[in-house]
Amino acid sequence: QKEVEQNSGPLSVPEGAIASLNCTYSDRGSQSFFWYRQYSGKSPELIMFIYSNGDKEDGRFTAQLNKASQYVSLLIRDSQPSDSATYLCAVKSITNTGFQKLVFGTGTRLLVSP
Amino acid sequence: NAGVTQTPKFQVLKTGQSMTLQCAQDMNHNSMYWYRQDPGMGLRLIYYSASEGTTDKGEVPNGYNVSRLNKREFSLRLESAAPSQTSVYFCASGDREPNQPQHFGDGTRLSIL
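Chains A and B supply the protein sequences, listed in that same order.
Residue numbers are given in the working numbering: position 95 of the first sequence equals residue 95, and the series is strictly consecutive.
Residue numbers are given in the working numbering: position 35 of the second sequence equals residue 35, and the series is strictly consecutive.
What the hints contain is simulated information worked out from the structure, not anything from laboratory work.
Taking lysine to any residue and the SDA-like style, the derived pairs with C-alpha atoms no more than 20 Å apart in a straight line are:
no., chain 1, residue 1, chain 2, residue 2
1, B, K9, A, E45
2, A, K42, B, D38
3, A, K67, B, Q100
4, A, K101, B, E52
5, A, K101, B, E59
6, A, K56, A, N66
7, A, K42, B, A2
8, B, K71, B, D95
9, A, K42, B, K9
Stretch-level coverage of chain B by chain A, calculated; a stretch enters the list once three of its residues show a Cβ under 8 Å from a Cβ in chain A:
no., stretch
10, 45–52
11, 87–100
12, 103–110
Note that beta-carbon positions come from the ideal geometry of N, C-alpha and C, so glycine has one too.
Could you put together the complete structure from these sequences and hints?
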């Protein structure tokens with residue numbers, strides 16, 4: 001089992017719709033969760049992070065965390081063609097040496113059609 | 001603010017050649033990281049430096065060495081490049097607190113023939 005799993009997609013949604021991106025993780029001790037957006041040929045850029053159960057909203061983006069189910073999601077409301085990118089889920093946890101490691105999923109490709 | 005700066009942006013090497021990828025950050029972060037990104041594999045950690053003066057292996061360290069020159073700079077060296085090391089390399093920096101993210105450089109596209 002991979003440490004962080006995402007559906008590779010592509011997830012296709014029409015402009016204006018809600019895009020729902022999902023991520024599961026295996027380490028129950030994980031402390032914080034990050035969503036990065038990566039455009040083709042570019043570096044990952046941070047969109048949001050969440051570390052408490054529940055929802056966290058920032059503009060059109062909402063991150064949702066359910067630690068009991070080991071599940072984190074990202075909702076994008078009013079999706080725009082400019083949101084078309086690969087979305088990486090990253091999970092932070094502590095190794096047995098005390099190091100805070102960040103483990104990435106392979107990403108979900110989102111396509112928003114005009 | 002430059003953030004995380006990587007050089008070079010592109011490089012083509014022949015098998016067996018060596019080279020060093022440079023990374024510098026101006027955010028006063030303690031920790032720095034080197035990742036490689038390959039299609040379908042996601043970002044994989046090569047080496048990291050939790051703080052100045054320390055380095056440690058990540059998930060895929062074979063064929064690489066690193067140097068944490070000072071708090072700002074963290075370099076990645078390929079001593080004898082192999083075609084399997086063709087990839088996009090990202091440097092990142094961050095702090096160790098749980099809610100602190102990592103910030104990425106623009107990447108180095110490396111091709112080994």
